[in-house]
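Number of protein chains: 2
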Amino acid sequence: MYKVTFKFENGEPVEVFAGSGENLLEVARKANVAIDAPCSGNAACGKCKVKLTGGELDSKQTRHITDEEYAQGWRLSCVSKIVADVEVLVPDIASAYRSRMKVADLGSAEELQIFEKTKNDIASAGIAFQNDLETIEIMMEEPSLDNTMPDNERLTWAVEAACGVSNVKLSFAVLVKLSEILRKSSFRVQCVVSRDGERVEVLDVLPADEKAQICGLAVDIGTTTVSALIIDMANGGILAKASAGNGQIRYGADVINRIIEQQKDGGRKKLQDAIIKETLNPLIDAMCASAGIAPERVYRMCVAGNTTMNHLFVGVDADPVRMEPFIPTFFETDSICAQDLGIHIYPHARILMAPNIGSYVGGDITAGTLASTVWNSEEMSLFIDLGTNGELVFGNSEFMMSCACSAGPAFEGGDISCGMRATDGAIEACTIDKDTMEPTFKIVGDEGQKPVGICGSGIIDIISELFRCGIISPKGKFIREGERIRHDSYGMGSYVLAFKEDAASVKDIELTEVDIDNFIRAKGAIFSAIRVMLSSLDFDVSMIERVLVAGGIGSGINMRNAVNIGMFPDIELEKFTYIGNSSLSGAYAILYSKEAEAKVADVAHNMTYLELSNEPSYMDEFVASCFLPHTDATLFPTLEMK
Amino acid sequence: MYKVTFKFENGEPVEVFAGSGENLLEVARKANVAIDAPCSGNAACGKCKVKLTGGELDSKQTRHITDEEYAQGWRLSCVSKIVADVEVLVPDIASAYRSRMKVADLGSAEELQIFEKTKNDIASAGIAFQNDLETIEIMMEEPSLDNTMPDNERLTWAVEAACGVSNVKLSFAVLVKLSEILRKSSFRVQCVVSRDGERVEVLDVLPADEKAQICGLAVDIGTTTVSALIIDMANGGILAKASAGNGQIRYGADVINRIIEQQKDGGRKKLQDAIIKETLNPLIDAMCASAGIAPERVYRMCVAGNTTMNHLFVGVDADPVRMEPFIPTFFETDSICAQDLGIHIYPHARILMAPNIGSYVGGDITAGTLASTVWNSEEMSLFIDLGTNGELVFGNSEFMMSCACSAGPAFEGGDISCGMRATDGAIEACTIDKDTMEPTFKIVGDEGQKPVGICGSGIIDIISELFRCGIISPKGKFIREGERIRHDSYGMGSYVLAFKEDAASVKDIELTEVDIDNFIRAKGAIFSAIRVMLSSLDFDVSMIERVLVAGGIGSGINMRNAVNIGMFPDIELEKFTYIGNSSLSGAYAILYSKEAEAKVADVAHNMTYLELSNEPSYMDEFVASCFLPHTDATLFPTLEMK
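Going line by line, the protein sequences match chains A and B. Heads up: the first sequence begins at 39 in this note's numbering, then just goes up one per residue. Heads up: the second sequence begins at 39 in this note's numbering, then just goes up one per residue.
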């Protein structure tokens, strides 16, 4: 066995032992050291670069490492074998998802406003925000030698009397603490109950004078980012919010790589631990701590995620999801409580799962569709969720069709060298002077905030502006020279938004040709999916009456620029609305409202699913869309190139 | 911190660190080193003797340690303080409950016969041995691109069709494994289901060609001994049986000491761990291994224990059980599944608890009463359970009264220097020649088995014979001299049953005056309880039509001798029947039969409870009973002293 030491820019080093010939990336994974590997360790993405600072590694040079870098000690961990004691530095950028994403979703006032508006829209669509959880006060006679009823019967009788029902069940959590609570509070208590017609379940019991807040947890499990809210189930108020990178990211950037990884020995457990133990539980603990809530006061959870995320979360084999005939274990399920999965909340909390409707259209989309209220309008609406999987729903109150495409994490700033979520420090909007090529940008956060990176909406602006200014070609290659335009030794061009002395970063903030290419493929996937879905219905873009755009791309999204780069169809801009993280808003609604829970099941049942991979035209459409704005310029008659 | 090393006669030493002034017994408990302390560390019982073999201890001499022993290094751990690094030897005898009790209950052919007879008696009383668990075969159409229903819906539909019901729920365990099982077995499976009218819950799913045994676990949690059966829920067959000392024994021999211990910081967790993690789970693992059963095939569990044991098992505060007005948290509960308590069986297995009816009459007695069939007969029956708590039920099909008394562990061989359970090597019957004072005894086990110790029935015989032969006085003191009669330096007498060269033991097998005294107090507690209960009903012993004796005392019990020593009332011997471990038989019945589950609730509701400590005459009766046979000899007119 050899000693492997991982050092970090910040934080204590980690030492582990590994056998001769073991793969460095695998060793890091086992040691719980986060090294991003969006390609899942196939030497394809070049993200898992570490620097050899002592000892030895058997590691070949790849196209991702220049001669100079190799001489400095940079190695790709996925192609490095342990052959001796070794010490490596894991730079922050190699664990970017993990270190950079610990930020609140709904982070800006604008996003909170959007959330509130979505909530109002759902209510206006006739969904009552009410649920079956409530707190009731119970007073009991104190026991005596003449009144020796055991505690659980005493409480059961009192709750039956208070609720006027005859079917009361105490949960295990109540049984365990009942004796102490009753005696501490002189037999005056509050009960947290779930009431379903004649059946009442007592979930918890608290002293009468304690603040008895009933909390709920809504989670959007994205392939790249996990966002969560803790809410007050009595009034829907947000008590805490947070987001983090999905810890599974080190097992691959997309669902296919994750599924391949979970097929390996122990893989299901590993992927489940990555989302629950590494991502969700710390997130929950942090939210509870920030809001001063005991985690066991969170009595219900709603999860919205794509079909694969849902399966990996539950610990269910996801392989059939990707293999013909594409049969998931579940679309809907009501079989799960928090304790089954080891989630740090009330152990018997019901876990609601927004229903999946197909292998690649999951609960994130049904929840998002619920939030979009497409189902409640006669207008022909296009709902677009810009996630790692891009998903579309088209329809109205009469019919809905959905499809999914693989866009990659670019919209959330993933796979972009200086990409980040739309939070403090993110460049969310940008213009470029055509003559001087100097940028002017808007940054999320307080005045004086220096740029940290670029979020999705910023990337759209930058690409659109670079294209408009003739700085890049329709293929996304740099075709002008200037102070802010650089080429590395391989000839890869980049545009510097902010030199490091003007940035809150250890390096220049730039957008490279590789970034642009990644983003063009992401936007191409979306645009071609829109085209194929509409034509399968014999519709064309002119028939779209409104477009609802969702995702972590940021509230700063400039729809004009998104059209300019060929991401969205060239229709009237006033038809576009950004609705924020609709998956999270939908999860919130399902958690908080019984009617929303029923409605999302309806929505799921009424939605048809179009499998794009079965559409012969999709690949051609995709290739044609991987240009600025498109190989068929007539699709963008209003393109602004001034 | 000082290093504390525990050495053993057999097994690896244990090293831990402890602070200056820490109590050695507490240090042992924390280190999970079993040292018996029936008095719970009050220097009262002298059982926690260890030998100092290195280093230093601050430990005073007590009456339990002779000068000679003290010079040899013997110390009571409960009065020893850590003051330096120290090394002690923990002799086997100091962890006797733990090391000696890992033996099967129902260990002899006689006891198995008794169990079978009890089972038949229950059936004859009209209880059908049927439950709601069954295996059904399900065949599904395989999915295709034209038939893309997810797995859980596919199974739900198929079960609905097979059972003719519309309310089918899949458990979490099914959800998690469904995908693999369906594909492994070409969509032909067996389902383990629980059927309750129109509701069917699928607990498990197995490939069609796998042996799908539905197992159940019946456990008698005694204060001293835990006995368990794993059965086939389809036919009631016993698949495995085992018993072990209750790991809580090191926190006190009786329920009061255990309750005091659980009141301390972290005590509830400690006591619960002692029964579940240290006692039950290893027992279950061993039984499953011996029967070749996967623990997750055990789909239900029934526990019979006294009220305190039940509370400590569930992890519920037991203090109110012993404090006026004596209010337990529960008599009955249906709120618990295996996962809640961390029991090594099917995680969602329902845990049935035989109902308690009072603070000191618990599920062991309601289960035992069910097994005794007292409730089904017009005959006035006295049911006696000889456990650490002695419990009595008197009545018939019209009424039943119960009471409890603290007998201590003597009936099970506890608190007896050479005591043991009625298993291989136990002296279960004995006669003594009045002239030569030579014993003749019967040993449990195969021919040629050498004696290991003495079980309860053997002790009865020996005391009765020693008394009949005039070797001991009515107070249990030795009054004759002989080769087999010895006195130690304190003058304490003992009778040697077998010298060590004739025994399978490292020391002579003897019965001491302390043992006899312990046993006399145990039998006195029982007899006085019988007297007080009967007189509270204006009954006398002549009105008893049958006596059913239960407990771990052993099938070899000689009722004549039990009467001779004043343990049982002097009535016709043919009225007595030994019915074995009725608590375990009752738990078996409740587990295996829905009707028995309902009946035991009935039995509990129909039983009144007499609190002996509220009866002014009890203490006088007890004192009067602590003689051989009794201070009032007229109560034993047929006493045989020939």
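Keep in mind that a hint or two might mislead.
As the list makes no split between identical chains, a pair holds if one copy fits it or if it spans any two.
Said to hold, decoys possible - Below, a list of computed lysine to aspartate or glutamate pairs in the DMTMM-like style, where the Cα atoms sit at most 25 Å apart: (1) Lys-41 x Glu-60; (2) Lys-155 x Asp-473; (3) Lys-302 x Glu-218; (4) Lys-87 x Glu-180; (5) Lys-215 x Glu-370; (6) Lys-222 x Asp-357.
The hints are simulated quantities; they were obtained by calculation from the structure and are not laboratory data. Since we're looking at a predicted model, the values are computed, not measured.
Hint by hint, here is what the structure shows:
1. Within a single copy, Lys-41 and Glu-60 get their C-alpha atoms as close as 12 Å, which meets the 25 Å cut-off; across copies the closest is 39 Å, which misses it.
2. Taking CA atoms no more than 25 Å apart as the test, Lys-155 paired with Asp-473 passes in neither setting, with 40 Å inside one copy and 102 Å between copies.
3. In this homomeric assembly, Lys-302 and Glu-218 come within 25 Å of each other (Cα to Cα) only across copies, at 14 Å, whereas the closest approach inside a single copy is 47 Å.
4. Taking identical chains as interchangeable, the C-alpha atoms of Lys-87 and Glu-180 are never at most 25 Å apart, the minima being 68 Å within one chain and 45 Å between chains.
5. Within a single copy, Lys-215 and Glu-370 get their C-alpha atoms only as close as 33 Å, which misses the 25 Å cut-off; across copies the closest is 16 Å, which meets it.
6. For the homomeric pair Lys-222 and Asp-357, the shortest alpha-carbon distance between copies (13 Å) is at most 25 Å, but the shortest distance inside one copy (52 Å) is not.
Violated hints, listed in ascending order, are 2, 4; each of the other numbered hints is respected by the structure.
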